[in-house]
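Trainee: For reference, the chains in residue letters:
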Amino acid sequence: MHLDFHYYATYCAAYLAGYSHEESLDICYSAALVDRCTKSFLSSVKAPLQAATTQSQTELLGVRTDILGLQDITRIWASFHFLPKDLYAPVKSIFKNYKNKYRLICGPDGDLVVDTVKLAKDKGLQAAGVAMHVLADTWAHRNFAGTPSMVINNTDSYFFELMPDGETRKIKFNHNPGTADDIETGLYTNTVYSVGETTIMNLGHGRAGHLPDYSFISYKYMPAWDNYRECLKDNPSEYYKAFCQMVYAMKFLRGEVVSFEKETYDAESVAPFKNRIDEILRKRQPDSSADWKAFGEELSGETIPGFDETKYLEEYKNAGKDDNDDTFLGRFILAALAQKSMVTHSIFKSGNMLAGFSTEYGRRGFKGLRDYRKLVDSKAGAKHG
Amino acid sequence: MSGSVNNDPDSVMIRKNKGTILLTGAGVAAFGIWSVIKVVMEFVLSPIDEKLATDLIAVGPIGEIFVAIVLIIMIMTDVILRIFIFFCARKESKGYRAKGLMFTSFLLIAGSLGSLVIFLLNAALVDGAGFDIEDMVSLFVEITSLVITFEMIAATLNNRKLLAKKRREAADAS
Numbered sequence: 001m002h003l004d005f006h007y008y009a010t011y012c013a014a015y016l017a018g019y020s021h022e023e024s025l026d027i028c029y030s031a032a033l034v035d036r037c038t039k040s041f042l043s044s045v046k047a048p049l050q051a052a053t054t055q056s057q058t059e060l061l062g063v064r065t066d067i068l069g070l071q072d073i074t075r076i077w078a079s080f081h082f083l084p085k086d087l088y089a090p091v092k093s094i095f096k097n098y099k100n101k102y103r104l105i106c107g108p109d110g111d112l113v114v115d116t117v118k119l120a121k122d123k124g125l126q127a128a129g130v131a132m133h134v135l136a137d138t139w140a141h142r143n144f145a146g147t148p149s150m151v152i153n154n155t156d157s158y159f160f161e162l163m164p165d166g167e168t169r170k171i172k173f174n175h176n177p178g179t180a181d182d183i184e185t186g187l188y189t190n191t192v193y194s195v196g197e198t199t200i201m202n203l204g205h206g207r208a209g210h211l212p213d214y215s216f217i218s219y220k221y222m223p224a225w226d227n228y229r230e231c232l233k234d235n236p237s238e239y240y241k242a243f244c245q246m247v248y249a250m251k252f253l254r255g256e257v258v259s260f261e262k263e264t265y266d267a268e269s270v271a272p273f274k275n276r277i278d279e280i281l282r283k284r285q286p287d288s289s290a291d292w293k294a295f296g297e298e299l300s301g302e303t304i305p306g307f308d309e310t311k312y313l314e315e316y317k318n319a320g321k322d323d324n325d326d327t328f329l330g331r332f333i334l335a336a337l338a339q340k341s342m343v344t345h346s347i348f349k350s351g352n353m354l355a356g357f358s359t360e361y362g363r364r365g366f367k368g369l370r371d372y373r374k375l376v377d378s379k380a381g382a383k384h385g
Numbered sequence: 001m002s003g004s005v006n007n008d009p010d011s012v013m014i015r016k017n018k019g020t021i022l023l024t025g026a027g028v029a030a031f032g033i034w035s036v037i038k039v040v041m042e043f044v045l046s047p048i049d050e051k052l053a054t055d056l057i058a059v060g061p062i063g064e065i066f067v068a069i070v071l072i073i074m075i076m077t078d079v080i081l082r083i084f085i086f087f088c089a090r091k092e093s094k095g096y097r098a099k100g101l102m103f104t105s106f107l108l109i110a111g112s113l114g115s116l117v118i119f120l121l122n123a124a125l126v127d128g129a130g131f132d133i134e135d136m137v138s139l140f141v142e143i144t145s146l147v148i149t150f151e152m153i154a155a156t157l158n159n160r161k162l163l164a165k166k167r168r169e170a171a172d173a174s
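So the protein sequences, as listed, match chains A and B. The opening residue of the first sequence carries number 1 in this note's numbering; numbering runs sequentially from there. The opening residue of the second sequence carries number 1 in this note's numbering; numbering runs sequentially from there.
Hints were generated in silico from the structure; no laboratory data involved. There may be inaccurate statements among the hints.
Unchecked claim - Listed next, the in silico DSSO-like pairs over lysine-lysine satisfying Cα-Cα at most 30 Å (straight line):
| id | chain 1 | residue 1 | chain 2 | residue 2 |
| --- | --- | --- | --- | --- |
| 1 | A | Lys321 | A | Lys349 |
| 2 | B | Lys99 | A | Lys233 |
| 3 | A | Lys233 | B | Lys38 |
| 4 | A | Lys96 | B | Lys16 |
| 5 | A | Lys170 | B | Lys38 |
| 6 | A | Lys121 | A | Lys283 |
| 7 | A | Lys39 | B | Lys91 |
| 8 | A | Lys170 | B | Lys16 |
| 9 | A | Lys233 | B | Lys16 |
Said to hold, decoys possible - One-sided and incomplete, this derived list gives chain A residues near chain B with beta-carbon spacing under 8 Å:
| id | residue |
| --- | --- |
| 10 | Glu22 |
| 11 | Phe95 |
| 12 | Lys220 |
| 13 | Trp225 |
| 14 | Leu232 |
| 15 | Lys233 |
Note that CB positions come from ideal geometry on N, CA and C, so glycine has one too.
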């Protein structure tokens, strides 16, 4: 998903869940920041690099794709953008490597999304924002995996858009990332076909271009893992479910709802606005920010500022080393580390090494990357503070 | 094409077949390069063998030119056949029936088998011919080329059968 949903739509969902305008802004800002928090961004303020929640195109161009590099990539993308649906999914294959990759396929309503939301409970608004980003992406990015893999993420030219008038139209792709997608003619960009199994071209939904991130589009295609079976992606209805699930999740985080369950959506609270939201989702445009912003401002009666990724950098830089965890960015970093740690550990516990080794520092004492020491210290502080 | 997904076993198989036909068709064409390489290896890169050298001297310069022309014609025929097969395979992969695909494929197979038989007989029966590493590689590549061609034929026949079945079902339904 793009900024329109992660920032403005998340604001709307937070407000409908009962958060105030200011709280909703903090949540939606954190949700949007997940798509900006690269290692370059963090190093500019000397923040822990392990808290990176994404990788920029420039970073991806220079990234290693040996075992350690692939594990690093998988830790980031599987934790924040392609949360695996079922780490124990039955797979018809004798190859362990293929099984591991198959089990990283993203999808909504998995056990990990429940863990993600529960992890954010009582951890502040930044944690809520991170969780909402992850939750929303499980809907948009379903059927792709957050690890470079041709046998999972590859597609071919078999893409057909289901038009609003009931007709189908062949989608054409070009590989020039500089050209804008042409919605009118059905000409979109995607990554170039690359023979290597673990090349960056085969990471996530690159082979489907931006199609998963456009709320208006419904299309059919054949993902490599599905053995020539057609897959229907109805973005308008899936984005609507994502929105309703976010409202439900945030009510849980606020304490208004006792538990967070899979396959449960707060359609009731959203029902009065269904037509309006549907109109926004189905409007054929690459960026719905203006419409979501207008809707959010109508709901709250307040102005929603534009997203500025540098907003909280000075606060973090100016706080001392001992105090920067209490800044906005500091809390976001802790939330990101916790999410990454949880997902990586879950993947490791399932016998899957694609995200590398993991250890339960709570039980076995701290071992591992220095950046994660923050999580141990913050938990210890919470226990004794 | 409808707005819902079409994942009945026959439709899935048709899509799989189309992919196979296109890929193996491209493979058949690519092996045309191998034909050229074989000749270059035999006559240009390798030292010319004594018997052949003697035979060429016997026929004289005009004879040598004639042999060269025949050789070139044979290679070009092979390459053109393979390219034709690729275009036919591409047409079949789009759901159309390509006339001439089966005939040319079997012609190609006949030619390959013929050359394989001659090659094996030569190695087995001619004194001093033997079977070196180069011959092993050639044999392996030749067999691979045949396997690809057979796979393309099998996928094409299966696809035609399934498409005919679909048309009958559609006709019965209407």
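Trainee: Now, for every hint given, state plainly whether the structure supports it.
Mentor: Going down the list of hints, with the structure as the test:
1. Of the supplied pair hints, the one linking A/Lys321 and A/Lys349 is violated, its CA atoms being roughly 33 Å apart against a limit of 30 Å.
2. Taken as a hint, the B/Lys99 and A/Lys233 pair is broken in the structure, with Cα atoms around 37 Å apart against an allowance of 30 Å.
3. A distance of roughly 49 Å separates the Cα atoms of A/Lys233 and B/Lys38; the hinted pair therefore is violated under the 30 Å criterion.
4. Of the pairs offered as hints, the one joining A/Lys96 and B/Lys16 holds, with about 24 Å between alpha carbons and a cut-off of 30 Å not exceeded.
5. For the hint linking A/Lys170 to B/Lys38, the alpha-carbon distance of about 42 Å lies beyond 30 Å, and the restraint is violated.
6. Annotation: proposed proximity of A/Lys121 to A/Lys283 is violated, straight-line Cα distance about 34 Å (limit 30 Å).
7. Under the criterion of a C-alpha separation no larger than 30 Å, the hint pairing A/Lys39 with B/Lys91 is inconsistent with the structure, at around 49 Å.
8. At most 30 Å may separate the alpha-carbon atoms for a hinted pair to count; A/Lys170 and B/Lys16 meet this at roughly 19 Å.
9. Annotation: proposed proximity of A/Lys233 to B/Lys16 holds, straight-line Cα distance about 21 Å (limit 30 Å).
10. A distance limit of 8 Å between C-beta atoms decides the matter here; for A/Glu22 the minimum to chain B is near 43 Å, and the interface restraint is violated.
11. The interface hint given for A/Phe95 is violated, since its Cβ lies 20 Å from the closest Cβ of chain B, which is over the 8 Å cut-off.
12. At about 6 Å, the closest approach between the beta carbon of A/Lys220 and any beta carbon in chain B falls short of 8 Å, and the interface hint on this residue holds.
13. For A/Trp225, the suggested interface contact is broken, since its CB lies about 14 Å from the closest CB of chain B, more than 8 Å.
14. Taken as an interface hint, A/Leu232 checks out: its beta carbon lies about 5 Å from the nearest beta carbon of chain B, inside 8 Å.
15. Annotation: A/Lys233 was flagged as interfacial toward chain B, and the flag is violated, the nearest CB pair being 10 Å apart, outside 8 Å.
Hint violations for this structure: numbers 1, 2, 3, 5, 6, 7, 10, 11, 13, 15, all remaining hints satisfied.
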